[in-house]
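*Asks:* Below are the chains, spelled out letter by letter.
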Amino acid sequence: MKIRLFNLFVKVTGWLPYKILFRTKIYYENKRSQSRRIKGAAIIISNHTSVFDYAIFLFVFIGRTLRYQMAEVLFRKKLLKLFLKLMGGIFVDRESFNFSFVGKSEEILENGGVVGIFPEARLPRKGEERPLPFKPSAAYIAMKSGAPIIPVYTNGAYFTSKRARVIIGEKMYAKDYIDPSLEEKENIERVNRAMRQKIVELENEFNKRQKKS
Amino acid sequence: MAGELKTVSPEDAALNSDIPEEIVVKVKNIFASALNKDASEITETAHFFYDLGGTSLDFLSVLSAVQNEFGVVISAEAEASFATVTDFCCYIRDNVL
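These protein sequences, in sequence, are chains L and U.
Just so you know, the numbering used here puts 58 at position 17 of the first sequence, and the rest follows in order with no gaps.
Just so you know, the numbering used here puts 21 at position 13 of the second sequence, and the rest follows in order with no gaps.
Since the hints were derived computationally from the structure, they do not count as laboratory data.
Here the structure is a predicted model, which is why all the values come from computation and not from measurement.
Keep in mind that a hint or two might mislead.
[What the hints assert, rightly or not] With a cut-off of at most 16 Å between alpha-carbon atoms, the simulated EDC-like pairs for lysine to aspartate or glutamate come out as follows:
| # | chain 1 | residue 1 | chain 2 | residue 2 |
| --- | --- | --- | --- | --- |
| 1 | L | K185 | U | D26 |
| 2 | L | K185 | L | E242 |
| 3 | L | K185 | U | E87 |
[Unchecked claim] Footprint (simulated), chain L over chain U, 3 or more residues, beta carbon under 8 Å:
| # | region |
| --- | --- |
| 4 | 44-53 |
| 5 | 73-83 |
| 6 | 91-103 |
Note that CB positions come from ideal geometry on N, CA and C, so glycine has one too.
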């Protein structure tokens, strides 16, 4: 309840600055069958371009409280740590082998919540192929929870003269990529590959639409 | 301290002594399968990542296999500290048996 209330407060107070600073334009892979409304449990996955991706998605999916997985570096500053905790951030310590974020994410999904994941797990460096390889935990969580995956691509154009643009893909389900004859590890990899491929396809679709317009 | 032999305290030994051998063998086999190693290479106290060279993908497959094999739901708090065969066995003993 505290998390939901704090999210509401942030969204109310941050909406105008968000509109002015980001001027986000939202596209859909299939406009006829899609909307920004998320019903029930869901996992949002996207490419990672900046620390501001989280802020963008907060307002793109404004109707729901997003519980994002967040790296340990963000929790090092006391004030930011407090803010992110109040926002319901799921702590991920990439430097230790602490997998509690997996169970925490599963719990949230079980209760009908929305979990946000950047499966690349870090920001890409200059010259690196994007998106980076996806870490397997997002695929594992999707498989275990059965929650729909909402893939999103963002162009990362924040604080520039260009508008921030995101394209929301159609829902995917991990079960559609699982082959029961394969071992668990292979299935995690299959789902992982499918998720990354979807983000690549969304990027291509986005670029195609940009060229047309 | 460097060179000092690690000893199991009497309290720890007592705590782990009541884990049925069958569970230890099953968990070792799950570790071995995930790591593509022989079960004889897996010791009860070897760290999954540091000693056995496991990856996060390997670890997730272990988590899944343990939950399927023993019908146990592993809590988020427990996932924070799992690293050895003994860790899993203790959790199974405390939550299934």
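*Asks:* Broken hints, numbered, in rising order?
*Replies:* 1, 2, 4 and 6
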